[in-house]
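Participant: Could you put together the complete structure from these sequences and hints?
Protein chains: 2
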Amino acid sequence: MSHKDARIELDTSVGYLLKEAASALRAAMEAVLRPLGMSITHYACLELLAQRPGLSNSDLARGAFVSRQSMNVLLQSLERDGYVTRPEHAPEGRVLPTRLTELGRSRLDVASAAVRGVEDRMRSDLDAAEREQLRLLLGKCVAALS
Amino acid sequence: MSHKDARIELDTSVGYLLKEAASALRAAMEAVLRPLGMSITHYACLELLAQRPGLSNSDLARGAFVSRQSMNVLLQSLERDGYVTRPEHAPEGRVLPTRLTELGRSRLDVASAAVRGVEDRMRSDLDAAEREQLRLLLGKCVAALS
DNA sequence: ACCAGTATGTCAGAATATTGACATGAGTCA
DNA sequence: TGACTCATGTCAATATTCTGACATACTGGT
Numbered sequence: 001m002s003h004k005d006a007r008i009e010l011d012t013s014v015g016y017l018l019k020e021a022a023s024a025l026r027a028a029m030e031a032v033l034r035p036l037g038m039s040i041t042h043y044a045c046l047e048l049l050a051q052r053p054g055l056s057n058s059d060l061a062r063g064a065f066v067s068r069q070s071m072n073v074l075l076q077s078l079e080r081d082g083y084v085t086r087p088e089h090a091p092e093g094r095v096l097p098t099r100l101t102e103l104g105r106s107r108l109d110v111a112s113a114a115v116r117g118v119e120d121r122m123r124s125d126l127d128a129a130e131r132e133q134l135r136l137l138l139g140k141c142v143a144a145l146s
Numbered sequence: 001m002s003h004k005d006a007r008i009e010l011d012t013s014v015g016y017l018l019k020e021a022a023s024a025l026r027a028a029m030e031a032v033l034r035p036l037g038m039s040i041t042h043y044a045c046l047e048l049l050a051q052r053p054g055l056s057n058s059d060l061a062r063g064a065f066v067s068r069q070s071m072n073v074l075l076q077s078l079e080r081d082g083y084v085t086r087p088e089h090a091p092e093g094r095v096l097p098t099r100l101t102e103l104g105r106s107r108l109d110v111a112s113a114a115v116r117g118v119e120d121r122m123r124s125d126l127d128a129a130e131r132e133q134l135r136l137l138l139g140k141c142v143a144a145l146s
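Residue numbers (full-length UniProt numbering), protein chains in the order written: chain A, 1 to 146; chain B, 1 to 146.
Hints listed in this document are in silico derivations from the structure and should not be mistaken for laboratory results.
One or more of the hints may lead you astray.
No copy is singled out in the list; a pair is fine if it fits within one copy or between any two copies.
[Stated by the list, open to error] The calculated SDA-like cross-link candidates involving lysine to any residue, where the alpha carbons are at most 25 Å apart (straight line), are:
{"id": "1", "residue 1": "K140", "residue 2": "D59"}
{"id": "2", "residue 1": "K140", "residue 2": "G37"}
{"id": "3", "residue 1": "K140", "residue 2": "A31"}
{"id": "4", "residue 1": "K140", "residue 2": "L10"}
{"id": "5", "residue 1": "K140", "residue 2": "V95"}
Facilitator: Okay, here's the thing in structure tokens:
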């Protein structure tokens with residue numbers, strides 16, 4: 001060995017496996033959302049709003065793991081299509097609280113069912129204890145990186 | 001409840017946690033690779049070539065989870081910068097086997113050490129058994145989705 | 001009151017990745 | 001041999017995301 005072997009073993013690297021799993025999940029979600037005319041960020045935004053109505057653009061960006069600029073243009077298109085509404089000017093501060101419309105909620109219902117199917121398939125070989133274990137371990141990784 | 005509650009619980013969803021972890025890992029890797037003038041795809045390509053010399057463009061694309069068109073333009077820039085070499089025309093078939101240059105390998109050594117630091121930090125709260133468990137569970141998820 | 005620091009919404013330009021398309025080569029099967 | 005299928009490398013166009021920048025608004029300390 002002429003140079004130090006600090007190479008990362010791809011096949012056994014947790015980081016690589018994590019990326020592989022996330023990539024597979026993304027592909028599977030895109031496959032079921034595409035027929036609905038929805039992208040993943042699209043869906044993530046609506047899902048966040050369904051669970052936490054009134055989130056700001058910046059909140060949604062953090063929750064969907066994109067920049068707030070990206071979320072802003074997405075929100076503009078969602079608003080144009082009538083899926084969400086935002087007040088004309090901020091009630092207080094600069095924050096514009098966003099809310100789902102009835103149309104947005106009904107579209108989300110379909111998308112949410114499709115995504116649930118993907119998640120169920122992903123976890124199909126895991127029993128309840130393993131799912132909990134996976135959540136725990138992923139949570140530790142997230143905490144350690146932030 | 002006027003409409004059926006098929007909503008996915010974001011906080012407890014394995015899929016959401018997976019995306020969160022992958023996003024945190026990506027951010028951390030970008031942070032350490034940026035000072036080296038390298039992107040994640042950049043690094044992934046070099047790392048793949050170090051472990052499996054002679055991979056084709058399509059192989060590299062699959063290994064780095066991008067389209068082969070994206071990998072192609074990346075390889076062109078890597079070739080232009082002298083990090084990798086490809087034969088002028090295919091030895092057999094259409095496949096152009098790619099190899100690291102000495103320059104590419106030395107640049108990779110630095111990047112690899114930086115990335116290893118990130119991975120170590122990510123797994124810092126996990127003991128050996130937990131790391132093995134995480135690999136196993138992620139592997140099951142990947143298998144179930146493909 | 002003031003000022004520095006931080007967070008937000010938004011516009012514009014740049015970087016990155018994807019989809020579509022085409023030609024070429026290999027393998028299969030009748 | 002010929003037809004068919006599949007994988008590869010690559011060009012072009014499109015789409016998506018990010019970075020940079022700016023004005024505005026809140027917050028905490030002096």
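Participant: Does each hint fit the structure? Answer for all of them.
Facilitator: Here is what the structure says about each hint:
no., hint, verdict
1, K140 x D59, "within (23 Å within a copy, 32 Å between copies)"
2, K140 x G37, "neither (35 Å within a copy, 29 Å between copies)"
3, K140 x A31, "between (30 Å within a copy, 20 Å between copies)"
4, K140 x L10, "both (21 Å within a copy, 17 Å between copies)"
5, K140 x V95, "neither (32 Å within a copy, 42 Å between copies)"
Violated hints for the displayed structure, listed by number in ascending order: 2 and 5.
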